[in-house]
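Enquirer: Read off the chains here:
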Amino acid sequence: MINASLKQLSAALAAKKLSAVEMATIFLDRIEKFNPALNAFITTDRAKTLAQARAADESRKVGAGGTAISPLCGIPLAHKDIFCTRGWRTTCGSKILADFVSPYDANVVEKLAAAGMVTLGKLNMDEFAMGSSNESSYFGPVKNPWDVSCVPGGSSGGSAAAIAARLTPAATGTDTGGSIRQPAALCGLTGLKPTYGVVSRYGMIAFASSLDQAGPMAKSAEDCTLLLNAMAGFDARDSTSLERTPEDYSRDLDKPLAGLRIGLPKEFFGEGMDTDVRAAVEAALTEYRKLGATTVEVRLPNSGLSVPAYYVIAPAEASSNLSRFDGVRYGHRAAEYDDLAEMYSRSRAQGFGAEVKRRILIGTYVLSHGYYDAYYLQAQKIRRLIAADFVAAFKDCDVIMGPTSPSVAFAFGAKSADPVQMYLSDIYTISTNLAGLPGMSLPCGFGNTQLANPMPVGLQIIGNWFGEAKMLNVAHQYQKVTDWHTRMPEKMR
Amino acid sequence: MKWEVVIGLETHAQLQTKSKIFSGSSIAFGAAPNVQASAVDIALPGVLPVLNREAVVCAIKFGLAVGAQIAPRSIFARKNYFYPDLPKGYQISQFETPVVSGGGLMIRVGSGDTATEKFVQLTRAHLEEDAGKSLHEDFQGRTGIDLNRAGTPLLEIVTEPDMRSSAEAVAYAKALHALVQWIGICDGNMQEGSFRCDANVSVRPLGQKEFGTRREIKNLNSFRFMQQAIDFEVQWQINEIEEGRAIRQATVLFDPDSGETRSMRSKEDAHDYRYFPDPDLLPLEITADWIAQVQSGLPELPQAMKTRFESDYGLSSYDAAALTMTRATAEFFEDATAATGKGNGKLCANWVTGELAAHLNKTDMPIEASPVSAAQLAGVIRRIADNTISNKIARDVFEALWSGDGKDADAVIEAKGWKQITDTGAIEALVDEVLAANQKSVDEYRAGKEKAFNALVGQAMKVTKGKANPQQVTDLLKKKLSA
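Keeping their order, the protein sequence lines are chains A and B.
Take the first sequence: its letter number 115 is residue 115 in the numbering used here, and every next letter is one higher.
Residues are numbered in the numbering used here as their position in the second sequence, beginning at 1, plus a constant of 1000.
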């Protein structure tokens, strides 16, 4: 059951092999058992979960009044704690929101609830999604289920660890610079960041508004397809949400890959990638050639500028987005202060962690009078160049492939002393966000150069704008002939 | 030394939309604190702004009314600063590319026939959201926050430094105040803060090209305060310079009690607002079609109407300007004129700008609330025009209508028996009676004393309580006396 696909879980519920309540209970029990070691969940609430499961059972029994029951009805999932969930604590991994209970549901939460999915709880994450290792959470680091001495990646590290340990069949994540794909890679999962604007950002606590995008995380591309079908769609409450005809992302899943042109950016296969990662990615490409695809070298000449451009734009937007956490209306307020300025500075100094403060400072600096042109405007220009690189590259290929992360999961503390080293772990994922393109990561093998346990390697697929269905097709065909995505950490059985 | 005053105004006009600029909350004034503050207005985590297109329509209307350029693409930017009544920690405004740029307003300075006209150029007008209110009273050492106003749509209208006196500044402010109400984008209520002005004031030696250093007087919420504040500020700046002190750029507040301006903050502690394009909002695109659609719904503008009044009704520039001060006045005038015939335009104008305006002023009443309707005034004017009543009696009829004494002019005239005596026989009898009773005046007149004639006319009017047709009385008296 815990290794079953969403389709299989759906079939089991439809065939009444078990109820949604029983299914939720299996996962709640696993959370109780394994979460203390992993710290993947910040909040669980058995009563709320079971109430949702009972409602799902009821829907399946009485039908949805003419409209078809969603295949997802009754299947449990968990939400990254960046999504506002009515009645549940929504912390964003921060002390400043440690006791915040949202009075409303995020669009994504609403949509998945409307499909009948059952919420198992709220998942740990880097504070305000700022991090690549989940070490910046106020609620403590999440451990990688493959090796608890290693990071799960970030910022959706709780989502990744929970699925990898089979504490939930699926989870929501958000990706600003790789926060879905990198933890998916480090935990051996499939995760997809859609084209910017495909999924509504309403109710998703903003880190960098022009880069943030929510997406599904699960074991397989097929699972992600089902989830994306439920999550995507226009939302009038998000002005950057795109008004498009709804798509069935599963429509191309079974298309053969003969004739597929895979672009391999020269810049993604240079120095900086660990040899075991390279080996696994090369092996995956060999598999794709066997499936009938051809590979072609493409150039993304400006991709080297993506990390510096990102670390101007994202902190700039974040410095402004996080101004609302001021202790005035909700969230942490310092116990003692003498005047307004002190109330602000103490509340924020106490409420935010070091990485968040670092980014607020960087962002404030780059937007300051006299620096704006040199930093922010330049970074925006680079952003356009990076997008133009992709436009040119996609003339020669259908999808782009490469590693998701330069290394497998690293040990706690390995990079936390040096922010630049940490920032470089997103070197292959960031340009996708800057260009607004969809990207995904899927497991393609294991590597282990320095650690005791074999650790998963992620293959990244970057699609053209609105190329989600194509990417999912490409990933699914690979997963039909490989079994990396079915592996789970032995200790979590 | 002769000094020249240089003034530019920034005005915040609250737009008359149903809901806020980036949320669906109501903007009605006077609700209990925070009941009109939605999740978006209080900036809960995760909420996003969605632009209210009604506010954009207001901006387009304004741009058209002042002959400005309307940007096909303008950008919303975040103005970042911390204040408890600013929930997001930034205000959404427009910075580098405003929705409206250029254009201008014709103003009239001075009164009567000595008034002069002047064109004040606008720099720009941009859309932005208002902040909430901090309530410092009633909370004993604490501050209350009311976010009902947070997110209310504003149009900030900025002029070039074109004005040269407080009188010009006030004339501009009044013209703008009238215009925004005229085109229906702002209710103009200055007490409730729907229309508030900041004045940038500097002085320079007459003839000098460069501007002096300016100080900005914030939040002038009445025309009288504007005049007082600018006059004080100008004198203060001149004194400073004459005493050898340099003016330093600053923001100042006007204290109506003392009549003085005082510095709030200097340029050194000015905020760095760290403006940048708001990534939550797409660029605002305004198509030519949209502009055309708004244009077609725009009423005739005051300047055009003034010109038309001058040519259609033969009104003086002064009268036409007075009648087009507000749309309600112009409509009242046109309604009255329509009911009396175009030929009576001048008469209607005299009554609207004279008797009616005097009554309204005395009771501080807007014309919309006038107890005498346009139809009722037309009734009075019709009876003047057809000689049923004299001008003098007409004022009494108007007074009766003003106090609700009678439903229309005819009813009042009938009830009071004020119908003018025009019957030749009756007037002849009256004249004879007057001549007989006033032999002294008759003798004096015959002896060449012209004034005595007026006394006889006066007697005739007195006897009839003003009802005799004065022209007929005059004619008959002359005829009889020269017989």
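Among the hints, a few may not be true.
[Unchecked claim] Below are the PhoX-like pairs computed for lysine-lysine, each with C-alpha atoms no more than 25 angstroms apart in a straight line:
no.: 1; chain 1: B; residue 1: K1079; chain 2: B; residue 2: K1174
no.: 2; chain 1: B; residue 1: K1133; chain 2: B; residue 2: K1018
no.: 3; chain 1: B; residue 1: K1478; chain 2: A; residue 2: K357
no.: 4; chain 1: A; residue 1: K381; chain 2: B; residue 2: K1079
no.: 5; chain 1: A; residue 1: K470; chain 2: A; residue 2: K480
no.: 6; chain 1: B; residue 1: K1002; chain 2: B; residue 2: K1018
What the hints contain is simulated information worked out from the structure, not anything from laboratory work.
Enquirer: Please go over all the hints and tell whether each is borne out by the structure.
Expert: Going down the list of hints, with the structure as the test:
{"no.": "1", "hint": "B:K1079 x B:K1174", "in the structure": "29 angstroms, violated"}
{"no.": "2", "hint": "B:K1133 x B:K1018", "in the structure": "20 angstroms, holds"}
{"no.": "3", "hint": "B:K1478 x A:K357", "in the structure": "100 angstroms, violated"}
{"no.": "4", "hint": "A:K381 x B:K1079", "in the structure": "22 angstroms, holds"}
{"no.": "5", "hint": "A:K470 x A:K480", "in the structure": "15 angstroms, holds"}
{"no.": "6", "hint": "B:K1002 x B:K1018", "in the structure": "50 angstroms, violated"}
The structure is inconsistent with the numbered hints 1, 3 and 6, although it conforms to all the rest.
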